[in-house]
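Count the sequence shown with mature numbering (1 follows the signal peptide of the UniProt record, and there is no 0) and you get residues -31 to -1, 1 to 305, in order.
Wrong hints could be hidden among the right ones.
[Claimed, not checked] Now the in silico label distances, taken between C-beta atoms and shown as ranges:
no.	residue 1	residue 2	range
1	T48	L23	35 to 43 Å
2	T234	N58	16 to 24 Å
3	S276	L23	38 to 46 Å
4	V256	P227	15 to 23 Å
5	K292	G5	25 to 33 Å
6	D196	P37	40 to 48 Å
7	S72	Q264	22 to 30 Å
[Stated by the list, open to error] In silico BS3-like cross-links for lysine-lysine, where the CA-CA straight-line distance does not exceed 27 Å:
no.	residue 1	residue 2
8	K292	K158
9	K241	K297
10	K132	K32
11	K32	K13
12	K297	K278
13	K157	K132
14	K241	K132
15	K13	K148
16	K241	K278
17	K132	K13
18	K132	K292
19	K297	K32
20	K32	K14
21	K241	K292
22	K241	K157
23	K158	K241
24	K157	K292
25	K148	K158
If you're looking for bench data, these hints aren't it; they were derived computationally from the structure.
If you're wondering where the values come from, they're calculated on a predicted model, not measured in any experiment.
All C-beta atoms, glycine included, are put in the ideal place defined by N, C-alpha and C.
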Amino acid sequence: MKLTTTYAIRNIMRALCFIAALLFSTSITHAQLGSGWVQYSPTKKIHLDNEDGLQIYSWTSSKSVCSPVCADYSYNSSTETETFRLFDNRSNRSEIRLQNDYSTGSRQFEGYVTFYSPLNDESLMQIFGSTSGATELMIRGYAASGGSIRGAGQTLATNVYGKEVRINVIHLQENVGNKIIIYINGVKKAEIADNEAVTNYHKYGNYGTLTTGEAVVKWRRVRSFRDGTAPSSAATAREATTGEAISLNNNIRVYPNPLTGNQATIRYTLLKPELVHITMVNISGQVEEVINVRQQAGEQTVYWNTSHKAAGVYIANITIGTKTERVKLIIGGSRQ
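Produce the entire structure from the sequences given, and follow the hints as far as they go.
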């Protein structure tokens, strides 16, 4: 009887610990930068070029042009990933055009971009509309420095071939600030004056004359926001130097969530070499260690095999250095 009672108490304590972790956990979704922003969902149009020029299509999860295919677009709903591919010089464009035309107020674009070697000199994102040309801002990917991102006349990131980068672009029209600000992984990298009283809209994808073999760009979890204000300079400087906001500066993502497949992906960015310890806890309080290792600075990816895991709620405890972030992960009952 005593052993049975002790075992029951132990199980109750495990369950209570799990509930406490659940209450204090967060499902990480990196919100917009600044304050007062309202998320909205503008209509998307697919822009693909073929031998006859620009072709515009209503949004669908998959579209291609030419025979054989010279450019295509696809969307994976389980990971919220859009893939833009150029295969040869019959095409120079695979993009999404957001129908979010605006001439006043503030707008923010947010998304996670990945591009791969040998891509070089292709547009990744644009603020379209200008009095002196086609665009006010173009952010482009290059082959230099192991894959680099440039925009606003300067280098924004290097050594990013095959690595996911979070990009936030805040545009304050003339009546609310007259500037465009670019952030990479939550850190302010560039600011330019607007000074053009025109109507703008946003485009993203893969655009430019193909000078290499196949060019592939992936954008994940693209979001649009309006009517907010940019972070203060002091707040931006604090984020860039202290590393206190782990969910921002370490850019932690656990996906897909809810999980319908047999593998969870855990991604994060280390600003310096750190000891990383990741465990998964189920509703019974059972703990499974995923990794416990010192890793170098940069983008890191860890996979957790869920093929034999029961459906339900799990808590990912992600400790980087001395800071721990808890992320709730839901595993669905029907998986492939």
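In rising order, the numbers of the hints this structure does not comply with
Hints 1, 2, 7, 16, 19 contradicted; others consistent.
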